[in-house]
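Residue numbers (the working numbering): 1 to 589.
By construction, these hints were calculated from the structure, which means they are not laboratory data.
Check before you lean on any hint, since a few could be wrong.
Stated by the list, open to error - In the EDC-like style, the derived pairs of lysine to aspartate or glutamate whose C-alpha atoms are separated by at most 20 Å in a straight line are:
#1 Lys222 x Asp254
#2 Lys514 x Glu485
#3 Lys514 x Asp438
#4 Lys130 x Glu173
#5 Lys130 x Glu149
#6 Lys272 x Asp323
#7 Lys125 x Glu170
#8 Lys215 x Asp193
#9 Lys213 x Asp323
Said to hold, decoys possible - Using C-beta positions, here's what the derived DEER-type ranges look like:
#10 Ser462 x Thr422: 32 to 42 Å
#11 Arg450 x Pro391: 33 to 43 Å
#12 Glu360 x Gly289: 16 to 26 Å
#13 Gln276 x Asp141: 41 to 51 Å
#14 Arg492 x Asp438: 19 to 29 Å
#15 Lys174 x Thr382: 39 to 49 Å
#16 Gly451 x Lys571: 22 to 32 Å
#17 Asp530 x Glu570: 28 to 38 Å
#18 Ala586 x Pro391: 31 to 41 Å
#19 Ser136 x Glu570: 17 to 27 Å
#20 Lys378 x Arg516: 23 to 33 Å
These figures come from a predicted structure and were not determined experimentally.
The beta-carbon is built from N, C-alpha and C at its ideal position, and this holds for glycine as well.
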Amino acid sequence: MPDNQSTLHDVVKNILDEPIPEAVKRRLLRPLQPRKYRPIPPPRRAKERKRKAIEKEFDPIPRHKVLRSVKDYQDEIQGLFEENNELTFRPAPWALGNFLRGWQLDVPKGQDAEPRAFLEELALKVDLVKVNPDGSEEYTDPVLRHKQEAVLQKSEITTALQQAFPRLLETLEKWTQRGSGWAVVQVHTLWLDIARYQPLRGGSYIPLPAAVKNKKAVVNVKNMDDHCLRWALRSALFQAAENPHRPTKYPTADGLDFTGIDAPTPISQIGKVERQNNLAINVFGWDKGVIVHHLSKQPEEEARINLLLIEKAGKFHYTWIKDLNRLLYDQSKHRERKHFCERCLHGYSREDLLEAHRPECKGIGQTAARVEMPEEGKNKFTFQNHHKQLPAPYIIYADFEALTTKVEGPELDPSKSNTRRTEHHEACSYCYVKVRCDGQTEAPVEYRGRGAAEHFLRALVSEERGIKKALSNPQAMRMTRADWETHRTARRCHVCDGLLEGDSVRDLCHITGKYRGAAHSACNLKLRLDPKTTTIPVVFHNLRGYDSHLLMQAISKVEGRMSCIPNNTEKYISFSLGQLRFIDSAQFL
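Generate the whole structure from the sequences, applying the supplied hints.
Written out as structure tokens, the structure is:
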């Protein structure tokens, strides 16, 4: 928003302070006038009844009335100024998509009031509906809010509103997505809450608290004006050897740039003072101990000026901390000399420890991290999970068949959105086949009868025990003459492709006993199969869309640890029962 425009808070405040004009009163209190009777033809009556039924059902917002009220509101604002022809309304860029229209008032230079900081909070009330499994509808109208934000300058108003709308819509998405079942019926109300914001700011001289004064670690200049921040900076930049509390000890031509800085100065403008004067300033407070108000974001190479903001009877005053270590000395029971970090206030017994800590410090509440680069020769990563390149030892392919029976129920109101169950699917048969990694298959297992889903899961648990037993008893190695010749002439590991330097071993498949190639001893150990952790894929086609619903009805009747990767509350990308991992082949297409 340009500098010659007033804040929304000031405009609304001026309007509310003015009495209601007579023109508005006459319009609001206009007596009802009888209208001439006009007969309505039968076709129009039917359309009118249909239109009223729709309006009664959906309760639409009367847009023409809203726009007329906005026009009256704009006219009243125009009447507050003599030169009303200079006031212009234009559509606001921060209007909420196609839901709302917004207007922004451009106030000419000289008409705007003194800028004030304020807190803004956007709130949205929406009507939501959810259809329950029994077909009934549940309604709610929550009020969604985003976190209060401080607007310190007029130029920040538009940016604050533009950032508030996406955060508000993200809150709305949490209601309507992630399987909640809630859907938006209509946007009921959108409003902006504004409260005056009075940030901490310094002022004229205040005596130091006794606990701080006795430490002799703070310089408190006895200024009688509201420029205590400037006097505190002068005491730090032009340090006086004697009587540092006297203003006469410091030059008034200090070279500091305070253009656009308020006096007294709020903490929110400390960053601006830093940028205009190339300084790094930390501001601390005192409440039976040191608290942090502002930490400089200037580069670490810049020397820090530490200020203490003290308070008495609602007044605040900046002072200069000439010795932070002395001020923080009694924060712990350790009685030796301590050295404190200005960013995290952590104390160290030696100065060299503090210097080693500073490059790693991330500030208060953050964990320090040291960056260590790898040594030469160890600075490259290579693929290590070679066991994941091997095919699964066993795979089970399965499918279900189900019978459908019609579900009878009461007739539902067609004018409402209700979910109605029409058919019930019950698994009546299944078939699966177990395939070994070398392609060897066993006879298909089939079943027809009641409780097919539960019977299937129990059969798979039995297969799981058999596969784990086979993995625990690996096959003996079988090598042909060609395998021996290949192993004798091998120069590279068939696993990692590295050179073999006298540590070559024979790698074999533990399922079939066949020779796979020469490998390093370490690489060979990585390919060992653990019967306790090896997963057994169970493949269905369209598991997520159909078969998983049949399995979930019976999985609670089978013992075993279950885990899943959900897509929503009704569909699963994959789920596991023990070491059986159920996957959907349709997801690989």
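Violations among the numbered hints: 5, 6, 8, 18
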